[in-house]
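Student: Read off the chains here:
Protein chains: 2
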Amino acid sequence: MANIAKKVSWSSRGDDRGERTPLLNGAEDGKYSNRQLSGGAMFHIGRLSTVDLEEEITPEEDIVRSRPKEIPHNEKLLSLKFESLDYDNSENQLFLEEERRMSHMGFRCLEITRWVICGLIGFLTGLIACMIDIAVEKLAGYKYLAVKQNIEKYTELGGLSISLILWAVLNSAFVMLGSLAVAFLEPIAAGSGIPQIKCFLNGVKIPRVVRLKTLVIKVFGVICSVAGGLAVGKEGPMIHSGAVVAAGVSQGRSTSLKKDFKIFEYFRRDTEKRDFVSAGAAAGVSAAFGAPVGGVLFSLEEGASFWNQLLTWRIFFASMVSTFTLNFFLSIYHGKPGQLSSPGLINFGRFDSDSVQYNLYEIPLFIIMGALGGVLGALFNIINYWLTIFRIRYIHRPCLQVMEAMLVAAVTATVSFAMIYFSNDCQPLGQDNTEEYPLQLFCADGEYNSMATAFFNTPERSVRSLFHNPPGTYNPVTLGVFTLAYFALAVWTYGLTVSAGVFIPSLLIGAAWGRLFGILLSFIASSQSIWADPGKYALIGAAAQLGGIVRMTLSLTVILVEATGNVTYGFPIMLVLMTAKIVGDYFIEGLYDVHIKLQSVPFLHWDAPPTSHWLTAREVMSSPVTCFNRVEKVGRIVDVLSNTSTNHNGFPVVSDTTENDEPGKICGLILRSQLIVLLKHKVFVERASSRLSQRKLQLKDFRDAYPRFPPIQSIHVSQDERECMMDLTEFMNPTPYTVPQETSLPRVFKLFRALGLRHLVVVDNENRVSVSLLFYCGSRSAFNLQLIFRDAQNISAILVVLLVIVGRY
Amino acid sequence: MANIAKKVSWSSRGDDRGERTPLLNGAEDGKYSNRQLSGGAMFHIGRLSTVDLEEEITPEEDIVRSRPKEIPHNEKLLSLKFESLDYDNSENQLFLEEERRMSHMGFRCLEITRWVICGLIGFLTGLIACMIDIAVEKLAGYKYLAVKQNIEKYTELGGLSISLILWAVLNSAFVMLGSLAVAFLEPIAAGSGIPQIKCFLNGVKIPRVVRLKTLVIKVFGVICSVAGGLAVGKEGPMIHSGAVVAAGVSQGRSTSLKKDFKIFEYFRRDTEKRDFVSAGAAAGVSAAFGAPVGGVLFSLEEGASFWNQLLTWRIFFASMVSTFTLNFFLSIYHGKPGQLSSPGLINFGRFDSDSVQYNLYEIPLFIIMGALGGVLGALFNIINYWLTIFRIRYIHRPCLQVMEAMLVAAVTATVSFAMIYFSNDCQPLGQDNTEEYPLQLFCADGEYNSMATAFFNTPERSVRSLFHNPPGTYNPVTLGVFTLAYFALAVWTYGLTVSAGVFIPSLLIGAAWGRLFGILLSFIASSQSIWADPGKYALIGAAAQLGGIVRMTLSLTVILVEATGNVTYGFPIMLVLMTAKIVGDYFIEGLYDVHIKLQSVPFLHWDAPPTSHWLTAREVMSSPVTCFNRVEKVGRIVDVLSNTSTNHNGFPVVSDTTENDEPGKICGLILRSQLIVLLKHKVFVERASSRLSQRKLQLKDFRDAYPRFPPIQSIHVSQDERECMMDLTEFMNPTPYTVPQETSLPRVFKLFRALGLRHLVVVDNENRVSVSLLFYCGSRSAFNLQLIFRDAQNISAILVVLLVIVGRY
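Protein chains in written order, with the working numbering: chain A, 2 to 810; chain B, 2 to 810.
Calculated directly from the structure, the hints in this document are not laboratory data. Being a predicted model, the structure only gives us computed values, none of them experimental. The reader is advised that the hints may include incorrect statements.
Coverage of chain B stretches by chain A, computed from C-beta distances (three or more under 8 Å per stretch; other residues unrestricted) [claimed, not checked]: (1) 249 to 257; (2) 311 to 319; (3) 751 to 762.
Even for Gly, the Cβ is constructed at its ideal location relative to N, Cα and C.
Take the sequences, apply the hints, and build the full model.
Tutor: What follows is the structure in structure tokens.
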């Protein structure tokens, strides 16, 4: 997360709010509309959007406050570092020609190719997940074995501090490796990766997030951090890995390795890539939890806004293949090849369906647990929020980050050791001996230390023990202390510069207090056998805690049902997740949303704020106007593209201005990326004659440059060439979506959200003047955009179309 | 289904294809564009859209055929009887004023109200489902008891034909009651209701489908038909019931009962109603199968195109409440109040998770079964398709329909009786005696006839027995004969004029051949114990058969997992459903889609046909142009609305035409329903002075009239009033969505699908002439619309906007 922190601190430095400020923090532009809006009201528009859409501020109140209070680190502003993805196909002549040339058969082949790619994504994601699983298990196994032997050796000798040091050093060493890789090689690989994938699916391009290098560092990092005994899980990184695999495989090449397989070229655009990344994320969830349906729902709940049946089936297919691959290889690893339904493959152990019963009178208890989970989750998020701000301010150098990670690792080991040491909760070793590493310590022979079960284990195994160990395995005091200690550790850990997820620690905390809850219940009503199973309450507690932290409902229900192999608890889990969400939302957003906000990502929510009907497109559109003519001088294009203050990404094309300087009508939209490719290939009108011998520019040339279009600075244009003309007709999108300037904001928002737009042109069709603008898809709200109203150049023009674009979106 | 049949036969009678034909079967309009399109090509556009989007016809081939081949009953044409729903809020001044007046708190209250309504929907749906469940069980119980006693009596006496007659008469009597109600009182209540709900969610208003009367008849009908022993299930009708409940509750009034509770008035529009109907359908699925997650997925897979997180959570909530209500009341009925997780509440019985194992080498077997299911499902659909066409042609009078239903009931009884009679498959009665009505017949004492288990039971119980009875319960020959007989009966039954679903019969057929498959397998590989459980194969077979018939995948997987309470088979079920879908789609569409096509419903698919890029909006837009001025003469409005040949539902409003007759520019869109309310309230400019004393027309007046706006004929307008003027400015939507006329069809389609539009205005912004048109949302494809190109009235006009609307959409 620290890389994100850096971004935020970077953006917070740009505090001058001038034209060049990288933050969209309201309109400082002097050119206001002819509507009677004061500067305060203007600012209000910017402010409303960026700061507190959810807060209840009446417009009047708002205008009064001329500026928002200074927020410590400007975390509520939006960073301009992020560009948005464009899910709208640019239907220019080249594209239409290609599409029209394709036969029905061609489209069918494409469809089959999509399925094949999804299969591949699923397979590779499953494979990676399997690798992570096995590596973590092996490494953690070696580590715990070494420490156990050491403890056993020194328990009698009395030098247990040596064991502690050994444990802490081993932990720190693992974590150091992972943290070094993350901090110095690829900072974006830090954290769980789910916020980044959420942003990507929302339409925000987080730089470097789906690169091969990120994948490698992520996988390495997560193995190190889990093996290093941190309070982390490997699920988030698996989901991220799936997304990276999808983004790579679907493009048929690796830009990092400079290897182009010349396949899947059709899919080299944002629209198609997004679909595959959804599939990859689903495959990741599916592999992480063995939950294919949960994976699909995760992708849909967190990501896609446009539901398409065929796409869903493909995502489902990728998820299935992923689980299948994982289970197949794990079944081989476990020595039972082919036994795909073996209970060992169920992540959190299968709940036996005969023992799982619940009754009507338990429902209120579940609801109470849900509320508790919501409160605890909110507490977690709040503490983590302040911690992250602290990190942003003070721990932004990579070496400091590595040191913090190592410190946490050492502290984790120490706390665990202290817990185990001071706990005198001895339990008899069962016949079946389900414990991996039973620590005897000061217990009698044939007994083991039960605190060690929770701490001396990977978190995933601890969850399993809490769910399934028979009643009486844990002492209530042990559980209580464990909950507190682990809560603190997990809060501290999330946001470190290591690859690590928060799912498993959340589940573990919840399982611990849930089991405690169950034990206490059975004390109160000792006679009733239905209370007897604390594992049930551990499950419910785990759901409540996780729900309180991440605030997912539908997908999480299905994930937990699939990961425990039991449908009966579906209803209580739902209930608990709903309650946790409602209670938690009262205090603070979900953890991922908190971190997305901290990154200043312009995240587009599901709906426009309800009270935004009084805003119209005209009031939120952006300046300055930059259009091109249908046939434009190369020099002007280069100048406009090089202008860093108006760092636009899409330009309306207008019909050539006639005499008396009146702006032309809109006739298309051209993207920065397209212009750059055109400049690179020097597609000038003057060269048309010589181009007859040359080949014509094709869609392939644009695809080859995707997605890393060179910056304008890298393209050399000579003085002579600057005088040439460029004909944009063939390359512009002649039918961009437009709205009239009186359109209300929710209507504009709906267009943005439903169609995944990056640019939207606002056109006036009144006779006097008209303004057109582009919105930003991916902006946290579509209206943190500046307002401009250009006066009519020529009142006599019947329909004047001006075009305003917002920069670098 | 027969009511649908009537509609089709009605539409097939209008064969003349004149201006007044109710079928949108291509453009016969002489006013063609200035593009070089022959009449053949023109027709092609119409044809392509209505007839065979999926067929591979190159444009050249197509132009050659000037007319489509005559199709027996015109089933591929689209009926104009259906209107479409409008999911686009008309954001006129009244609406915006209301929205702007509302505080943040107001919106929060609305949101809470939505949750309350969803809870109510869930509760009522669960209650209705519970009622149906209990009524069916009781009635069927009495019937089977009576028949059983009669059989036992006559087995020794030798007059078993009397028993047969008793059985047949009882069956026919039940079915007659149900069929009479459906055929004479509410024909739309026939069938499962799922196709109708699918259409509703797709945006097509099937008349009378969500009325209270339909609900009553449906519930009564389904109880009769299941109790009458037909090969039907009660699941489809439950889903339909949920949707009706939702449509009713969310509106806070019953138009049928003329009772307005004055609540939920804000939700009286298509947008909100659709959302609630999705929730209702989900609650229905949830109650029918005990599958809340499956319900949500069903609603999403079959219905909604726009995925909204909050909406999904509400739907999920409704589903949860519905399952909870049902389980709660059923637990009371079963005498175990409060035991919500009792296995008896799981629809198809809980699969014990210890016995359920599968291995890698069974995967190919599952795929084979999936393919078999696909083939058998396609066969089912094809036979039922031809049968339905036969019914459309020959059995369209209600009394004939009732007689057919009675005949089927009698035949079902006879076949069942014959099967039981000639079967000599005796099985020993177990100790636990799971059989409800074990028939001894000619078996030895302590034995029972196993054929009777399958036939002498409600289909749902038979499915349960096939899933769970221990190996050896069924004789392979018995199963084979049963499969054949039941397949034939089920095909014949679906489409009768009774309320009945196809889910359970499909599952039953599949379970029978699946179990047979399992038994045969265990013969082949007798030693291996993993083959030993034929129940597993019954489940897989059931999934395959159902998937082959209805072609759902994701939702069906989850439904089956939830209904059997077992997650382990999730993966094989997915695999089987995917295979069944792929194989089945090769032959024919799913059963619901077949019936939707047979109803000539203009169903909008997920994507535009892939090869439609060569069509532009201009080529598919519709004629004739009918616009209103901003201030229009009442007489003209009445005339236009009364004109049945151009039966439009939305009219572009243009700025008042100036002198020299040039059309004005578009400035809004007004709906027929709005005009009718305006006429009814006589909102004329001339009355403005007297209106000062009167109250101003409010949004409430429009809501009160929703959804049954009176026809224009019922509104009296005097000659004097005809001369008055009406100012539409305040009531029209000033910012309708528009597209340029060169927009490609997929782009237009995407707008329609993603935004749920009913009208889309096509505007030209070239100087010479521009055409604008409305599309139809809900049309099977957006382009069965006629083409027009009006010449410019005045070339000197800088921007002329003509508007073309297609009729009655």
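Student: Please go over all the hints and tell whether each is borne out by the structure.
Tutor: Do the hints match the structure? See the list:
no. : hint       : verdict
1   : 249 to 257 : violated (count 0)
2   : 311 to 319 : holds (count 5)
3   : 751 to 762 : holds (count 4)
Consistency with the previously given hints fails for number 1 only.
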